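There are 2 protein chains.
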Amino acid sequence: MHNIKAFAFDAYGTIFDVFSVTALCEQLFPGRGNALSQLWRAKQLQYSLLRSLMGRHRDFWKLTEDGLVYAAKSLELDVTPDKRKRLLEAYLSLAVFPDVKPGLVALKNKGLHLAILSNGEPKMLEAAVKNGGLSAFLDRILSVEEVAIYKPSPRVYNLGPERMKVSHAELGFVSSNSWDINGAASAGLTTFWVRRGQGEPPEELGFTADRIVETITDLAAMV
Amino acid sequence: MHNIKAFAFDAYGTIFDVFSVTALCEQLFPGRGNALSQLWRAKQLQYSLLRSLMGRHRDFWKLTEDGLVYAAKSLELDVTPDKRKRLLEAYLSLAVFPDVKPGLVALKNKGLHLAILSNGEPKMLEAAVKNGGLSAFLDRILSVEEVAIYKPSPRVYNLGPERMKVSHAELGFVSSNSWDINGAASAGLTTFWVRRGQGEPPEELGFTADRIVETITDLAAMV
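Here the protein sequences come in this chain order: P and A. If you use our numbering, the first sequence corresponds to residues 1 to 223, in order. If you use our numbering, the second sequence corresponds to residues 1 to 223, in order.
Among these hints, one or two may not hold up.
Intra- or inter-copy, both count: the list cannot distinguish identical chains.
[Said to hold, decoys possible] Cross-link-like lysine to aspartate or glutamate pairs, in silico, DMTMM-like; alpha carbons within 20 Å at most:
hint	residue 1	residue 2
1	73	146
2	85	204
3	62	89
4	101	139
5	62	204
6	73	200
7	123	145
Calculated from the structure, these hints are not laboratory results. A quick note: this is a predicted structure, and the numbers were derived from the prediction, not measured.
Isolated chain P, as found in the complex (with noise of 0.2 Å):
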């Protein structure tokens, strides 16, 4: 690993708990909290999926509303455009797992170029990275909405090498779907899946992660 150079870490998930907006889910609909929760984040990323290889691309804020839509039918919940509004705007300060700040600061102690490469539309990544006191400590925050496509594609991984003037495999990324490694792999990055104790088993999509890690504040060891 003494070749990384560059660290892309994956956003929703990795660097923020998507599932902070669970309490209020819970707020506005007592008892229905987590299945509104739960509904929606597996539609969101449903959809970029889906629509990715339709070829219809649309930024992941809309797609976090479609997402919320249709959970909110599917749940028989009356999502008002008031309580609409409060839960998509819980996406712009969503909590920090508390790893992340320690991890990146351990690394920017190495000299590490540190990024985001998420699915995230640009100005979502944005307000989330400054509620989230994050700023000083990430050099670039890249979206796909620069190739109009969603992760896995590789051309949405291509974009850290590109971008951040390092090769394939001297970019570390880090995230902690399974899904999301695999693409990185599958792309030619090296990669590095953060558990932080889940006991999921790696997918079956024909790649393995290049290490495996408890917390991101392991990774300054290994470089």
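Add chain A to chain P, keeping to what the hints say.
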């Protein structure tokens, strides 16, 4: 709808009841059959999308096995080689929904050309059609293997008009999956969404079905 000259049917979930494997799952893993068949099916579909976007096509028979392997690991079920073989082979003799045969007969009697247009690997489709007693009513079996990418890529839906020698609008595409209807509509086919009493809302993917029908027997009266 008077311009419809041919119909293409989705296979799994529309012609064949994929959850007919649930009984075998339950027999092999008492109390866990439903969880296994649900997760297995979800992974099979998710892997078709992920691999298509990765540009790493793998046929649906192998994806079906990959989905089963993941589901077994995730649910901590000991799927021995013998059990794996029995579960996979259940895909070769899936139950046919009861409205399918009378619906196809009525359309054949009107002189329409009928095909399957499916994610399935050709041999597994042929076996299911034969074991389901449907060979006499279907003129063609079109598989994504011809284009090596999965639905909802337009390359898959375009196979229908190309091979059946009709225009996109003249081909009626029939599916019980709303995302599949969206993909076909996006590619320009005339779409018929089969509900069979299911209450899920349509997917928020930008398209609507040209017609919603309860059963496949409803189609003949429309053309």
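May I ask which of the numbered hints given earlier this structure violates, with the numbers listed in increasing order?
Structure breaks hint 1 only.
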